[in-house]
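For reference, the chains in residue letters:
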Amino acid sequence: MSARKAGKPPRPIKVLLAKPGLDGHDRGIQVIIRGLRDAGMEVIYTGLRVTPKAVALAAAQEDVDAVGVSNLSGAHLTVLPETARSLEEAGVDLSRVVLFGGGTIPEADHRSLRKAGYRALFGPGTPLADIVSFLEEEVSR
Amino acid sequence: MAPASGHPPLKARGRTPSGIEIRPAYPAPRPPDMPGEFPFTRGIHPDMYRGRFWTFRQYAGFGSARATNERFRYLLAQGQTGLSVAFDLPTQIGYDSDDPLAIGEVGKVGVPISTVEDMEELLEGIPLESVSISMTINSTAAMLLAFLVAAAGRRGVPAEKLRGTVQNDMLKEFISRRTYRFPIQASLGITVDIFEFCRERIPDWNPISVSGYHMREAGSNAVQEVGFTLANGIAYLEAAREREVPLEELTRRMSFFWNSHNHLLEEVAKFRAARRLWATIVRDRFGIADPDCARMRFHAQTAGSTLTFQEPENNAVRVTVQALAAVLGGTQSLHTNGIDEALGLPGRISARTALRTQQILAHESGAGDVADPLGGAPAIEALTDAVEDGVRKLIGEIDAMGGMLQAIEDGYPQKAIEEEAYRHQREVESGERVIVGVNAFRDVSARETSAAPEVLSPTLERDRMRVLQRRRKRRSARRVRELREDLAREIGGGSNVVEALVRAAEGGLTLGEMSRILADALGEHEE
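Chains as they are written, first to last, in the working numbering: chain F, 60 to 200; chain G, 2 to 528.
Source of the hints: derived by calculation from the structure; they are not laboratory data. Hints are supplied without guarantee of correctness; some may be wrong.
[To be verified] To spell it out: a stretch of chain G is covered by chain F in this simulated footprint if at least three of its residues, at any positions, have a beta carbon under 8 Å from a beta carbon of chain F; those stretches are:
id, region
1, 86–94
2, 100–106
3, 212–226
4, 264–270
5, 306–312
6, 339–346
[Stated by the list, open to error] Chain F is faced by these chain G residues, among others (derived, beta-carbon under 7 Å):
id, residue
7, Lys109
8, Val110
9, Glu419
10, Ala422
11, Tyr423
12, Gln426
13, Glu428
14, Glu430
15, Val439
[Said to hold, decoys possible] Ranges between beta-carbon positions, derived for each pair:
id, chain 1, residue 1, chain 2, residue 2, range
16, F, Arg155, G, Pro25, 53 to 59 Å
17, F, Asp97, G, Ala441, 22 to 28 Å
18, F, Ala188, G, Ala478, 55 to 61 Å
19, F, Ala188, G, Asp291, 53 to 59 Å
20, G, Gly403, F, Val109, 30 to 36 Å
21, F, Arg155, G, Ser451, 27 to 33 Å
22, G, Arg472, F, Ser171, 31 to 37 Å
23, F, Gln120, G, Arg467, 36 to 42 Å
24, G, Lys12, F, Gly184, 23 to 29 Å
25, G, Ala478, F, Ser171, 37 to 43 Å
26, G, Glu433, F, Val109, 34 to 40 Å
27, G, Gln79, F, Gly184, 29 to 35 Å
28, G, Pro459, F, Arg155, 32 to 38 Å
29, F, Ser199, G, Gly20, 38 to 44 Å
Glycine included, each C-beta is placed from N, C-alpha and C at the ideal position.
Using the sequences provided together with the hints, build the complete structure.
Okay, here's the thing in structure tokens:
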């Protein structure tokens with residue numbers, strides 16, 4: 060069992076949340092920012108209209124435990140894989156850093172996004188508690 | 002058989018989503034005014050839908066101008082009576098489809114329009130003089146209006162014959178909808194340019210649709226939706242007055258756009274309160290005595306954010322109740338959502354069912370047979386008063402902050418909406434707020450669904466790129482340079498941006514080129 064699970068976290072889980080591209084539907088990500096903070100995590104948000112490269116750079120610089128990417132404009136098959144690629148190019152090790160996605164992403168697209176490096180994809184109606192427990196489990200593994 | 006999961010208490014809540022307490026019963030209220038009379042609480046016409054039904058106006062756009070044109074014609078053939086164009090994000094923000102920033106977004110949430118030819122294709126075969134066209138466009142409203150005027154001109158339809166609406170509501174973009182491009186003050190300047198242009202060139206056009214819809218989608222409650230929207234409306238009238246746009250004319254052509262949400266009683270009360278409030282604002286704040294200027298005309302759309310990914314068939318019922326609220330609330334125009342909205346872009350069948358929903362309300366339910374059928378009902382009158390009180394308080398607070406522009410720059414409405422969205426989520430998670438099929442009565446065994454969102458062509462972006470680049474090559478480089486220089490000069494010289502853009506559109510400049518010139522002159526908004 061990890062130190063975190065034993066109740067002695069070395070530091071709070073550090074998550075970068077991002078909305079790369081032009082999509083402005085940010086209700087979901089705003090709710091998740093607050094939800095993760097209320098669960099004791101440290102959250103960095105990139106804001107809107109950022110490139111996948113900028114997201115990757117921030118993730119590398121901030122040495123985060125997890126990166127969450129949101130898309131609700133139907134561009135997920137472009138934006139999400141490109142962010143994964145940029146993260147790898149920036150030297151972010153996706154076997155260590157947990158990459159996850161969320162938004163209006165049809166189940167049919169989940170397989171290719173998992174292949175691109177996304178460990179989980181959260182759809183509309185997901186309880187915050189599910190995302191919190193996913194991060195707690197995956198990050199401490 | 003697997004049981005449904007989660008059974009909440011089987012009694013009514015007695016509280017609206019805005020936090021207004023509802024009593025179990027109310028005594029009869031004072032007799033209300035008649036519909037069609039100031040302050041129009043009960044409707045803007047004495048006979049409401051006995052004169053004419055609301056406009057059946059479904060928001061549509063995806064893939065390409067051609068695919069969207071086909072959907073428009075299909076919807077018109079099915080009895081839709083007005084058009085509403087959804088543009089893709091690059092078009093809404095001012096990038097051509099072949100811009101690197103547009104990759105992945107072309108044709109996704111709407112139709113890509115980068116040139117006047119695209120606009121011609123979009124409207125091919127549509128009778129521009131009889132069908133009104135609503136365009137959900139804000140940062141680039143001036144460019145798209147220019148394309149429309151230029152495309153209509155090529156077809157021999159003069160601008161003054163056009164009927165329709167540009168959303169042109171930038172303030173709510175900074176608050177919640179987020180397709181901003183230029184800085185706030187510059188954006189507001191273009192807004193007023195559009196007011197002036199429409200007044201002179203397209204007198205029957207609605208030059209703005211002040212929108213609460215997106216703030217509600219972002220999480221606001223009903224009182225905030227009306228409060229922030231009317232505060233934006235006040236800011237637009239003040240900006241217009243500063244530029245000496247005659248407000249008696251502008252107020253007649255101003256329109257509003259509301260969300261029609263789940264709580265039937267509060268929503269009906271909201272529409273009634275909004276009309277009463279706006280009428281008094283026009284009269285008392287702006288000193289406009291003519292009651293015709295005080296009629297708040299509005300479009301309504303059912304609430305996309307209430308639609309669930311789980312058991313999407315249930316969404317048909319939500320849409321029906323929400324649409325009924327808009328009709329009972331006296332809307333002038335209505336969009337009913339497709340059941341698959343939480344899954345993706347509505348497919349043809351769900352788009353048809355969505356249109357049918359309002360046709361059934363119009364022709365079968367009898368809800369339109371009398372103006373304001375719920376007027377005088379004790380609970381409705383009490384709720385109308387309560388929404389009105391809440392909104393007055395909110396507008397008072399914004400006034401105290403120095404007005405809506407200042408409030409937005411301080412992030413006040415943004416934070417208030419975020420707060421409310423988070424509260425909603427926590428109430429859903431605690432089970433206090435029930436969402437059937439999601440946190441209650443969920444059939445955990447069911448996987449199958451009848452929803453079938455639209456599937457876009459995988460070659461869409463490549464095809465689009467080819468078309469656009471072919472068009473670019475056909476233009477003479479010298480001519481393009483001249484057009485760019487002319488536009489930059491006119492904008493620098495302070496002339497009406499829309500007039501200049503119409504000439505640029507006629508000459509063949511693209512949306513991206515025009516937006517670049519504007520961005521160079523005005524700057525770009527950064528959060």
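Practice task
Provide an ascending list of the numbers of those earlier hints which the structure does not satisfy.
Solution key: Per hint list: 4, 13, 21 violated.
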